[in-house]
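Asker: Sequence:
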Amino acid sequence: MKVVTHSGDFHADEVLAVATLSLFYGRENLLIIRSRDPEVIAAADSAVDVGYVYDPARLRFDHHQEGGAGTHENGIPYSSFGLVWKEYGERLSGSVEAARVIEEKVAYPIDAADNAIEVFTQVRSDAFPYLFHNMVSALRPTWKESFEGIRTFDQGFFEALSIAEHILRREITIAAHLQEGLSHISAAYETSPDRRILLIDGDYPVDSVAHKYPEVLFVVKPDKQNTDIWKVRTVRENLHSFMNRKDLPAAWAGKTYDALREITGVTDAVYCHTKRFIATARSKEGALELAHIATEHP
Numbered sequence: 005m006k007v008v009t010h011s012g013d014f015h016a017d018e019v020l021a022v023a024t025l026s027l028f029y030g031r032e033n034l035l036i037i038r039s040r041d042p043e044v045i046a047a048a049d050s051a052v053d054v055g056y057v058y059d060p061a062r063l064r065f066d067h068h069q070e071g072g073a074g075t076h077e078n079g080i081p082y083s084s085f086g087l088v089w090k091e092y093g094e095r096l097s098g099s100v101e102a103a104r105v106i107e108e109k110v111a112y113p114i115d116a117a118d119n120a121i122e123v124f125t126q127v128r129s130d131a132f133p134y135l136f137h138n139m140v141s142a143l144r145p146t147w148k149e150s151f152e153g154i155r156t157f158d159q160g161f162f163e164a165l166s167i168a169e170h171i172l173r174r175e176i177t178i179a180a181h182l183q184e185g186l187s188h189i190s191a192a193y194e195t196s197p198d199r200r201i202l203l204i205d206g207d208y209p210v211d212s213v214a215h216k217y218p219e220v221l222f223v224v225k226p227d228k229q230n231t232d233i234w235k236v237r238t239v240r241e242n243l244h245s246f247m248n249r250k251d252l253p254a255a256w257a258g259k260t261y262d263a264l265r266e267i268t269g270v271t272d273a274v275y276c277h278t279k280r281f282i283a284t285a286r287s288k289e290g291a292l293e294l295a296h297i298a299t300e301h302p
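According to my numbering, the residues represented by the sequence shown are 5 to 302, in order.
Heads up, some of the hints might be wrong.
What the hints assert, rightly or not - In the SDA-like style, the derived pairs of lysine to any residue whose C-alpha atoms are separated by at most 20 Å in a straight line are:
id	residue 1	residue 2
1	216	197
2	109	173
3	288	302
4	109	197
5	109	128
6	109	149
7	228	167
8	90	78
9	6	76
10	288	216
11	216	194
12	279	302
Stated by the list, open to error - Between beta-carbon pairs, the in silico distance windows are:
id	residue 1	residue 2	range
13	263	178	17 to 27 Å
14	62	194	21 to 31 Å
15	6	229	19 to 29 Å
16	209	260	20 to 30 Å
17	229	134	26 to 36 Å
18	177	215	50 to 60 Å
19	209	250	14 to 24 Å
20	126	154	27 to 37 Å
21	286	240	24 to 34 Å
22	47	209	26 to 36 Å
23	148	250	51 to 61 Å
24	191	302	38 to 48 Å
25	49	126	22 to 32 Å
Think of the hints as simulated: they come from the structure by calculation, not from any bench. Source: prediction; values computed, not measured. No residue lacks a Cβ here, since even glycine has one placed at the ideal position from N, Cα and C.
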């Protein structure tokens, strides 16, 4: 299968778009060509981010034509990655739900950036997020490498493609396992005698879905690394915030063992983080007791 994307500089959207095709068809089955030659594009089985045509029936996935190629449900215009994911995402990830997770997590920000749409507000002027786009940019040749002929854009593109394949493969696995974990979390929530405390018996991805359960203040779960420890975790206001719905009591901050046990009355209490987002005990019952105390604390 001959896939053409544009030559010269490369960006996150077409790198991920081609990575999607590579995972779906198998890299060994693709001949990937970087060109802007109209005849080369016309002869390709698929054209990505080049050609000024969006026609999924003919495997044409460009968004540079007049009028663009439509928008996601939230209004963000599609780039080539979003267009390819729209066509292949469900089949590649195995479900509508997993495909949707990746659309929101990966395609939204990638497509927004490629269309020069800001998606976050800068809080500090001296520190900036290092994003997927920055990783892709780092693989482009510098002016000196280009001048001396020691690195090419094609070389950088294929390096970025290999990384993108790996990341996308991982995101597909994460999304699939997220859907499986949701069933465990939902069952725990529905059977909880106190909806403010969510007790789960495994290391399920609670942080990713806690926003769906607005009553939950604390999560009690086993520690994935220490089998004899149970944790009480705060729930953040949203996935991208460090603000908690409710902090653990201030008097617990930084306390360990005897000091924490004296304050709480929980005989197997072990530790409370100074930032008051996690506390631990030696048993599930101890962790639940800590959670109940924290819930009732003003």
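Asker: Hint by hint, say whether it matches the structure.
Answerer: Verification of the hints:
1. For a cut-off of 20 Å, the pair hint linking residue 216 to residue 197 stands: about 18 Å separates their Cα positions.
2. For the proposed pair residue 109 and residue 173, the alpha carbon gap of about 14 Å is at most 20 Å, so the pair holds.
3. For a cut-off of 20 Å, the pair hint linking residue 288 to residue 302 is broken: about 23 Å separates their Cα positions.
4. Of the supplied pair hints, the one linking residue 109 and residue 197 is violated, its CA atoms being roughly 33 Å apart against a limit of 20 Å.
5. A threshold of 20 Å between alpha carbons decides the hint, and for residue 109 with residue 128 the separation of about 23 Å lies outside it, so the pair is violated.
6. At roughly 34 Å between alpha-carbon atoms, residue 109 and residue 149 are farther apart than 20 Å, so this suggested pair is violated.
7. For a cut-off of 20 Å, the pair hint linking residue 228 to residue 167 is broken: about 28 Å separates their Cα positions.
8. Restraint check: the Cα-Cα separation between residue 90 and residue 78 comes to about 14 Å, which is no more than 20 Å; the hinted pair holds.
9. The suggested pairing of residue 6 with residue 76 is violated, with an alpha-carbon distance near 28 Å, which exceeds 20 Å.
10. Restraint check for residue 288 and residue 216: not satisfied, since their Cα atoms lie roughly 24 Å apart, outside the 20 Å limit.
11. Of the pairs offered as hints, the one joining residue 216 and residue 194 holds, with about 13 Å between alpha carbons and a cut-off of 20 Å not exceeded.
12. A threshold of 20 Å between alpha carbons decides the hint, and for residue 279 with residue 302 the separation of about 17 Å falls inside it, so the pair holds.
13. Separation of residue 263 from residue 178 is about 38 Å and departs from the stated range, judged on CB atoms against 17 to 27 Å.
14. Between residue 62 and residue 194 the beta carbon distance is about 47 Å. The supplied range of 21 to 31 Å is therefore violated.
15. Checked against the given bound of 19 to 29 Å, the beta carbons of residue 6 and residue 229, roughly 48 Å apart, lie outside it.
16. A hinted range of 20 to 30 Å for the beta carbons of residue 209 and residue 260 is consistent with their spacing of about 28 Å.
17. At about 27 Å, the CB distance of residue 229 to residue 134 agrees with the hint of 26 to 36 Å.
18. The beta-carbon spacing between residue 177 and residue 215, approximately 22 Å, falls outside the hinted interval of 50 to 60 Å.
19. Checked against the hint of 14 to 24 Å, the pair residue 209 and residue 250 passes, with Cβ atoms roughly 21 Å apart.
20. Distance hint check for residue 126 and residue 154: the Cβ-Cβ separation is about 35 Å, which falls inside the suggested range of 27 to 37 Å.
21. Remark: the range hint 24 to 34 Å for residue 286 to residue 240 is upheld by a beta-carbon distance near 26 Å.
22. Between residue 47 and residue 209 the beta carbon distance is about 45 Å. The supplied range of 26 to 36 Å is therefore violated.
23. Our hint of 51 to 61 Å for residue 148 and residue 250 holds, since their Cβ atoms are close to 54 Å apart.
24. Take residue 191 and residue 302: their Cβ atoms lie about 31 Å apart, and the range 38 to 48 Å is violated.
25. Range check, residue 49 to residue 126: about 42 Å between beta-carbon atoms, so the 22 to 32 Å window is missed.
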